[in-house]
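Go by the hints and put chain B onto chain A.
2 protein chains.
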Amino acid sequence: MEIKNLCKKAFEVKHDVAKLTTNEKNKILMDAAEQLIEDSEAIIAANKVDMKNAVENNMPQGLQDRLLLTVERIEDMAEGVRQIANLDDPIGNVLSMNKRPNGLLIGKKVVPLGVVGVIYEARPNVTSDVFGLCLKTGNCAILKGGKDAINSNIAIVNCLKKALLKNEAPIDAVSIIEDTSREKTYELMKMNQYIDVLIPRGGKGLIKSVVDNSTIPVIETGTGNCHIYVDESADFDKAIAIIENAKTQRIGVCNAAESLVINKKIASEFLPRLYTVLTNKKVKLYVDEEAMACLGDVTSVYEATEEDWGMEYLDYKISVKVVESIEEAIKHINRYNTGHSEAIITENYSRAQKFLDEIDAACVYVNASTRFTDGNEFGFGAEIGISTQKIHARGPMGLEALTSSKYIIYGNGQIR
Amino acid sequence: MEIKNLCKKAFEVKHDVAKLTTNEKNKILMDAAEQLIEDSEAIIAANKVDMKNAVENNMPQGLQDRLLLTVERIEDMAEGVRQIANLDDPIGNVLSMNKRPNGLLIGKKVVPLGVVGVIYEARPNVTSDVFGLCLKTGNCAILKGGKDAINSNIAIVNCLKKALLKNEAPIDAVSIIEDTSREKTYELMKMNQYIDVLIPRGGKGLIKSVVDNSTIPVIETGTGNCHIYVDESADFDKAIAIIENAKTQRIGVCNAAESLVINKKIASEFLPRLYTVLTNKKVKLYVDEEAMACLGDVTSVYEATEEDWGMEYLDYKISVKVVESIEEAIKHINRYNTGHSEAIITENYSRAQKFLDEIDAACVYVNASTRFTDGNEFGFGAEIGISTQKIHARGPMGLEALTSSKYIIYGNGQIR
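So the protein lines, in turn, are chains A and B. FYI, the numbering for the first sequence is 19 to 434, going by the working numbering. FYI, the numbering for the second sequence is 19 to 434, going by the working numbering.
Hints are computed from structural coordinates only; laboratory data are not their basis. Idealized CB from N, CA, C, for every residue including glycine. Where hints are given, some of them may not hold.
To be verified - In silico DSS-like links for lysine-lysine, alpha-carbon gap of 25 Å or less:
hint: 1; chain 1: B; residue 1: Lys222; chain 2: A; residue 2: Lys208
hint: 2; chain 1: A; residue 1: Lys256; chain 2: A; residue 2: Lys282
hint: 3; chain 1: B; residue 1: Lys70; chain 2: A; residue 2: Lys226
hint: 4; chain 1: A; residue 1: Lys349; chain 2: B; residue 2: Lys202
hint: 5; chain 1: A; residue 1: Lys26; chain 2: B; residue 2: Lys226
hint: 6; chain 1: A; residue 1: Lys208; chain 2: B; residue 2: Lys26
hint: 7; chain 1: B; residue 1: Lys22; chain 2: A; residue 2: Lys349
As the list claims (entries may be wrong) - Some chain A residues close to chain B (C-beta under 10 Å, calculated; not the full set):
hint: 8; residue: Lys37
hint: 9; residue: Gly110
hint: 10; residue: Gly132
hint: 11; residue: Thr233
hint: 12; residue: Glu250
hint: 13; residue: Ser251
hint: 14; residue: Asp253
hint: 15; residue: Asn263
hint: 16; residue: Gln267
hint: 17; residue: Gly270
hint: 18; residue: Cys381
hint: 19; residue: Ser423
hint: 20; residue: Gly429
hint: 21; residue: Gly431
hint: 22; residue: Gln432
hint: 23; residue: Arg434
Said to hold, decoys possible - Here chain B is said to cover these stretches of chain A; the calculated rule only asks that three of the stretch's residues, wherever they fall, bring their Cβ under 8 Å from a Cβ of chain B:
hint: 24; segment: 117-126
hint: 25; segment: 206-219
hint: 26; segment: 235-242
hint: 27; segment: 404-412
Excised from the complex, chain A in its bound form:
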């Protein structure tokens, strides 16, 4: 009942939120940033409760680090909200307007989606980010954060609501679901009467559960089994720098490289050089027979199983497959990738274009690291997630992904 009420409240105010002008929305965002800093003490106190539970529950150190809030981190959250205020507001723009033979003038106008539901992991900074992105695009946000961050999230949302209240905007423009149990998540997924789109951010299990159960249109933000194909004409220095960067700069992210595909013509020369660089960074290699033959009897190299080709390690591990041709490389990548980010390293024009044409993924690179798949790196200023599905939005999603359109038609009495 509680979830239904909360969704219904958002639904009831969505047209008022949609009507806010850019100036009004920016004022709320700047006030929210200030309020976050003013309320730092209360937010940190709530976060302490979450951190205490995390320690008691033996949460892994990496996750504890993402959960922790400090004065500096709250300042970063506030700065993130301010940056969103500085972005151009897409709402209300008319993308095209065409005159029909009968005189009708038909325009395509950018409008908010309405009510956006976001399910995410235990990272409290996402709470203010999602609020900022949704409000800037005239949407109401229904947030379901990780249960480990619930106290922090409630404190942050209370703070954001103060900024709405101060500006006489609907406080139901943002809500957090306080009961983080699995049943309530299922209940949320059935609220298609009130919610226009649901964005799950998190692991494979969560995303599959949402896809299987949601009656609300879903934007899948997916896992990344990202490949780098080293072509026979690759510049080895570029290839090694890019692979090192894509694998080791940050291992726990979806745009990290998880699998290498190497052309046979250069495998025996390239792989030993790459091996030295990767093993210096403590990377373990899971390789096929051909690659094994090129590397010889060395440490940190293991036989790959079928499972390795489909694996998103999120760890200091990478799989290596040797292929006869670019055709075999493309076939392998299109079979095992997750539609996220794939790269070719080559100096050959035709094979670069072929790879760009034929690889089926959100982002396809020539001679650059897969780590660039990111809203900020793409110049969107902010990101609500990275879509790995094909409808509505694909790749990093900025403000535009949080909008819909409506046709506005100016007539002077036309009938059919």
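Structure of chain B alone, referenced to chain A:
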């Protein structure tokens, strides 16, 4: 098992279909048009079986008419496919390409969705239309037509496959599900492993069932409870012509008007004039108390119940509500509409703009009939359906709605 195999086959050839050039696709479409005419006899023979069953099953006359195929109608189908060949191919265009500060060149390229599933009613002409639209956009089509048209559909798809075969293109670019039982439809809805998008076309019940059960992303093509609001400053002649057209030009379509909202200031003058025109066309009026008072004791006028406000009659019936103001009109329409097409009749500038801004629907009209909500009328050349949801596509969907995008990134060794 059969459905899974059929979906898998489409999945396996989708990259080959995506690679077809515009010239190759157009050649297939022109050959398919010719083949339809060549195979007219076989298609009409299959259609005779469906028609015989339809008569035996007492199918309503209107539906029988939509099911019937004649030589002329097959010629129209062929002409429809030829027209699709003449449309611009959106696939492969790069919509924007921006240089980032680090030198990366990031482009957004239009690509096919992949495998498109379409569930539709017993109208065999839709079979060739959907094939044409999907092939033109490099997609594979999995068709589930109404069971009453199954023999006609199988004959048409066999004919389309001949055109594919003749051009050495994958014949699995189009498939029809021969078993039209409900269980098979449920099975189809779970094929998210192979199908990229599912488009249900049909009644409320079908669409709700797909939304509730599909694990494939769905584009809802919806019912239309379309309103016309007659403002106090309306030109009565325009208003009456538009209402007559929107209600009676074709009653069984989703863009027909189903409900009138009349400003109180003009109700007593306007309604009697409108009444004469509508009742001449045999339209029954379901009216509120205010409207009843304006009309007096006349035939063909009934008291509206709460149910009438939400009703898509698809019949010679219309509901009528009198309101105090445009604000009340907008509130009423946003509450009861189905997000399809809504119109205001007014000569007042500010209220026209307010209506365009605040009505939440795919298409919002000033001084024109809601009947224009149609891909051809909008200049798209063809239409796969009319979306009433907000993600991916909203309103009439042409070729563009059958595409996705991918980012292509040209680098020269960039790392993060």
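Here is what the structure says about each hint:
no.: 1; hint: Lys222/B - Lys208/A; verdict: holds (18 Å)
no.: 2; hint: Lys256/A - Lys282/A; verdict: holds (18 Å)
no.: 3; hint: Lys70/B - Lys226/A; verdict: violated (45 Å)
no.: 4; hint: Lys349/A - Lys202/B; verdict: violated (31 Å)
no.: 5; hint: Lys26/A - Lys226/B; verdict: holds (20 Å)
no.: 6; hint: Lys208/A - Lys26/B; verdict: violated (29 Å)
no.: 7; hint: Lys22/B - Lys349/A; verdict: holds (22 Å)
no.: 8; hint: Lys37; verdict: holds (7 Å)
no.: 9; hint: Gly110; verdict: holds (8 Å)
no.: 10; hint: Gly132; verdict: holds (6 Å)
no.: 11; hint: Thr233; verdict: holds (5 Å)
no.: 12; hint: Glu250; verdict: violated (18 Å)
no.: 13; hint: Ser251; verdict: violated (14 Å)
no.: 14; hint: Asp253; verdict: holds (7 Å)
no.: 15; hint: Asn263; verdict: holds (4 Å)
no.: 16; hint: Gln267; verdict: holds (6 Å)
no.: 17; hint: Gly270; verdict: violated (15 Å)
no.: 18; hint: Cys381; verdict: holds (4 Å)
no.: 19; hint: Ser423; verdict: holds (6 Å)
no.: 20; hint: Gly429; verdict: holds (3 Å)
no.: 21; hint: Gly431; verdict: holds (4 Å)
no.: 22; hint: Gln432; verdict: holds (4 Å)
no.: 23; hint: Arg434; verdict: holds (4 Å)
no.: 24; hint: 117-126; verdict: holds (count 3)
no.: 25; hint: 206-219; verdict: holds (count 3)
no.: 26; hint: 235-242; verdict: holds (count 3)
no.: 27; hint: 404-412; verdict: holds (count 5)
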